[in-house]
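A.B. asks: The sequence shown stops at residue 300 when you use this note's numbering, and every number in between is there.
Note that these hints are calculated values from the structure, not bench results.
Check the hints yourself; a few may be wrong.
Derived CB-CB ranges, DEER-like [unchecked claim]:
| no. | residue 1 | residue 2 | range |
| --- | --- | --- | --- |
| 1 | Pro247 | Phe131 | 16 to 26 angstroms |
| 2 | Gly116 | Thr209 | 44 to 54 angstroms |
| 3 | Leu271 | Arg60 | 47 to 57 angstroms |
| 4 | Tyr264 | Ile237 | 23 to 33 angstroms |
The beta-carbon is built from N, C-alpha and C at its ideal position, and this holds for glycine as well.
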Amino acid sequence: MPSSALPPRSLLLALLITFIWGVNFVVIKWSVSGASPLLVAALRFAVATFPAVLFVPRPQVPARILWGYGLSVGVVQFGLLYLAVELGMSAGVASLLMQTQAFFTALLAARFLGERITPPQMLGMTLAFGGMALIGLAAGGDVTLVGLLLTLVAALGWAVSNLLVRASGGANVFALVIWSSLIAPLPLTLLAGLTSGWGAVAHTLTTSGWAFWAAVLFMGLGNTVLGFGVWSWLIQKHGAARVAPLSLLVPVFGMLASAVFYHEGFPPLKLLGAGLVFGGLVLHVLGGRLRPVLSPAD
Numbered sequence: 003m004p005s006s007a008l009p010p011r012s013l014l015l016a017l018l019i020t021f022i023w024g025v026n027f028v029v030i031k032w033s034v035s036g037a038s039p040l041l042v043a044a045l046r047f048a049v050a051t052f053p054a055v056l057f058v059p060r061p062q063v064p065a066r067i068l069w070g071y072g073l074s075v076g077v078v079q080f081g082l083l084y085l086a087v088e089l090g091m092s093a094g095v096a097s098l099l100m101q102t103q104a105f106f107t108a109l110l111a112a113r114f115l116g117e118r119i120t121p122p123q124m125l126g127m128t129l130a131f132g133g134m135a136l137i138g139l140a141a142g143g144d145v146t147l148v149g150l151l152l153t154l155v156a157a158l159g160w161a162v163s164n165l166l167v168r169a170s171g172g173a174n175v176f177a178l179v180i181w182s183s184l185i186a187p188l189p190l191t192l193l194a195g196l197t198s199g200w201g202a203v204a205h206t207l208t209t210s211g212w213a214f215w216a217a218v219l220f221m222g223l224g225n226t227v228l229g230f231g232v233w234s235w236l237i238q239k240h241g242a243a244r245v246a247p248l249s250l251l252v253p254v255f256g257m258l259a260s261a262v263f264y265h266e267g268f269p270p271l272k273l274l275g276a277g278l279v280f281g282g283l284v285l286h287v288l289g290g291r292l293r294p295v296l297s298p299a300d
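Sequences are here, hints too, so could you generate the full structure?
C.D. replies: Structure (structure tokens):
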């Protein structure tokens with residue numbers, strides 16, 4: 003029977019990408035502290051798509067899939083996530099709650115694709131949503147209620163994009179990410195101008211220092227192009243079942259980075275809520291694998 007462990011080189015690459023994705027939440031929080039969050043999101047996708055779009059072939063998907071993916075990821079997922087962080091959501095909790103996309107994906111797939119939700123998945127959802135309720139009760143300070151709600155809607159946008167990937171018929175996901183990134187900058191910039199004022203948009207574009215632009219490059223190139231490129235390669239090489247569970251490390255790195263850079267604290271109620279959400283995620287992702295281990299031997 004072949005080993006399910008990844009080769010050391012692939013494991014290190016997977017750990018690097020999950021680290022980048024976790025730290026990215028801290029970078030988001032820093033970048034929106036003095037700029038319109040919607041504009042920062044627009045710049046992130048502009049960097050992600052250009053110049054990569056000149057070298058990556060267009061994915062073979064219908065226009066509705068491309069546009070749907072671009073809007074659900076660019077405007078709903080990241081537009082609302084950046085806004086949530088700017089409105090008080092802590093980087094650490096945001097990195098954890100965004101993973102609830104796994105639950106929303108399962109619920110949407112059950113509703114629209116007829117997929118069955120397994121008992122471990124249902125138990126995982128129950129634990130996680132209970133944990134989110136505790137985090138909501140602990141709202142205040144570095145976790146605001148509006149930020150919490152926006153983050154969950156952002157995770158729902160991610161779930162919608164997952165279903166669109168399934169509907170793409172096995173198209174190259176990396177190419178889909180690059181080409182769909184063409185769609186997000188314009189509506190995000192328009193929304194930034196309407197909500198923050200065009201003067202604020204112009205001020206950010208003309209006066210921001212090198213650190214701000216370095217953050218944009220990190221989010222666009224490191225988090226999106228490098229991250230999705232390497233992750234897609236790992237899944238193609240080793241299979242989703244072996245690689246995808248490692249994404250559970252993203253909120254671990256996110257919460258550690260937030261604790262280091264922003265001294266994010268975890269009082270008992272918030273810590274218990276975070277633990278229930280993470281435990282629910284583990285059960286949701288790995289529950290099917292745990293059942294044979296926990297079942298008594300014949």
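A.B. asks: Does each hint fit the structure? Answer for all of them.
C.D. replies: So, going through the hints one by one against the coordinates:
no.	hint	verdict
1	Pro247 - Phe131: 16 to 26 angstroms	holds (21 angstroms)
2	Gly116 - Thr209: 44 to 54 angstroms	holds (53 angstroms)
3	Leu271 - Arg60: 47 to 57 angstroms	holds (48 angstroms)
4	Tyr264 - Ile237: 23 to 33 angstroms	holds (32 angstroms)
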